[in-house]
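Order-wise, the sequence lines are chains Y and U. Those letters in the first sequence? Residues 2 to 199, by my numbering. Those letters in the second sequence? Residues 100 to 349, by my numbering.
Do not take every clue at face value.
[To be verified] Straight line, CA to CA, 30 Å or less: simulated BS3-like cross-link-like pairs of lysine-lysine: (1) 153/Y to 39/Y; (2) 286/U to 153/Y; (3) 69/Y to 102/Y; (4) 276/U to 286/U; (5) 276/U to 153/Y; (6) 286/U to 220/U; (7) 172/U to 276/U; (8) 218/U to 290/U; (9) 102/Y to 316/U; (10) 316/U to 229/U; (11) 153/Y to 220/U.
Calculated directly from the structure, the hints in this document are not laboratory data.
Residues per chain are reported as follows:
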Amino acid sequence: MSVRHAVLGLLAQRPRHGYELRAAFQALVGGEANWDVKPAQIYTTLARLEQGGLVVEDSVEQDTGPEKRIYALTTPGRQALQEWFANGIEPEHQHDEFFLKLMIGLVSGVADPYRLIHTQRMHLYQELHDLTEHRSQADPGRELANILLFDKTIMHVEADIRWLDMIEGRLDEIRRQPLPEPEVKPRGRPRKIWNLSG
Amino acid sequence: MSLIQAENLTKVYGTGDTAVVALDHVKLTVNPGEFIAVMGPSGCGKSTLLHLLGGLDRPSDGDVSIDGQPLAKMSDNAISQLRRRKIGFVFQFFNLIPILSSVENASLPLLLDGANSAKAKQKATEWLTKVGLEHRLASRPDQLSAGQQQRVAIARALITDPVLVLADEPTGNLDTKSADEIAGLLKQVAKTWGRAVLMVTHDPRIAAYADRIVFLKDGRIVNETYLGRDGNGAGDLEGHEAGQTRTVSQ
Chain Y
2 MSVRHAVLGL LAQRPRHGYE LRAAFQALVG GEANWDVKPA QIYTTLARLE QGGLVVEDSV
62 EQDTGPEKRI YALTTPGRQA LQEWFANGIE PEHQHDEFFL KLMIGLVSGV ADPYRLIHTQ
122 RMHLYQELHD LTEHRSQADP GRELANILLF DKTIMHVEAD IRWLDMIEGR LDEIRRQPLP
182 EPEVKPRGRP RKIWNLSG
Chain U
100 MSLIQAENLT KVYGTGDTAV VALDHVKLTV NPGEFIAVMG PSGCGKSTLL HLLGGLDRPS
160 DGDVSIDGQP LAKMSDNAIS QLRRRKIGFV FQFFNLIPIL SSVENASLPL LLDGANSAKA
220 KQKATEWLTK VGLEHRLASR PDQLSAGQQQ RVAIARALIT DPVLVLADEP TGNLDTKSAD
280 EIAGLLKQVA KTWGRAVLMV THDPRIAAYA DRIVFLKDGR IVNETYLGRD GNGAGDLEGH
340 EAGQTRTVSQ
């Protein structure tokens, strides 16, 4: 995903070794709790970038411990980074589990859809409460990355609550429509039509 | 004993065919140190509820008790006095006097109650400092940001040392950042300064600062949910666990 571009960007700042890259990445995104990148992922990414000619091994740091390879950006690497900066990022669209739950509730007939919406709404309010509590405890002087991520999550939860209100308002309409059924395609060989008349 | 007790609270406007039931036999309890949000669509009765709880209007049926005193038995004068001394109000559009400074605006409720101006000024300065406006004491509203104006309004609401603070869409006129600050400050009014706070809002993010959200629809409470697990002076939440919800059918 965007880890490879993050690596390119961090190397644009200065050549680094893998351990340093991971630490810098984690620091930028507000810590492991927010976005955990395993060391293996960094090293695999570096290997692929090197294969693709976007980074090169710059030197090898030698101290008392094992050797640390230092990587640097190449010109094609710089270009790839610029392209990433120049283009928009596709928003992530996750499968919405609540939507699925509502549809299954309607199909199975064993759940009250209004109850489902109500339960989800209360859950979201509790989420919102916990998020705003955590956000208010973060230090804007040092944890701005965390705060920005909290804000995003908070806004998403607000949007989910609005969406629930919308669904609730139109639930009767939804229930009056036939439920989506799969298309039944004929399978196997077409049946022969016997001509019995002669 | 609950601080605020509303029983069977009803308000009907108009008569006969054109009668509108704004509030329909609502039962509500608010305790000291509790921060309650009231939400609902336009016309659900939340502003009516606020007005009745604040003694700004009389119910058609049912009653409100504040600090053990039932309003139904009180004269208009007695209610006015109760309102001046025991209730603080915060409004959406701040309602500050444009030609007065922060200290003067915050002093008003005490002055209206007959306190001497030195005492009023001292209290106003105290509360303005507590809400973070110690450097804005002499500023007029037009010299303050929207968030700062609302802070003056909150200081004003607290100056008479009320037991109850009623806020009607207090963040409706604020940008996101100021809205969060004011919601946080209202929470502090409940948690740190021990008042009962009831806030009407249509903003879920702001409502989520509260300990409890009450949902109104067509003049009735249709839902209520308890949030968080506050251990510091939330008053008697009657043993409710966080996340507990009850659906009320009236």
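Hints and how they fare:
1. 153/Y to 39/Y: holds, 24 Å
2. 286/U to 153/Y: Within the cut-off at roughly 22 Å; holds.
3. 69/Y to 102/Y: violated, 50 Å
4. 276/U to 286/U: Cα-Cα ~16 Å, so holds.
5. 276/U to 153/Y: Holds: residue 276/U and residue 153/Y sit about 14 Å apart, inside 30 Å.
6. 286/U to 220/U: holds, 25 Å
7. 172/U to 276/U: violated, 43 Å
8. 218/U to 290/U: Answer holds: residue 218/U to residue 290/U is near 26 Å, not above 30 Å.
9. 102/Y to 316/U: Holds: residue 102/Y and residue 316/U sit about 26 Å apart, inside 30 Å.
10. 316/U to 229/U: violated, 37 Å
11. 153/Y to 220/U: Not satisfied, since the Cα-Cα distance of roughly 42 Å exceeds 30 Å.
The structure fails to meet hints 3, 7, 10, 11 from the earlier list, while all remaining hints are met.
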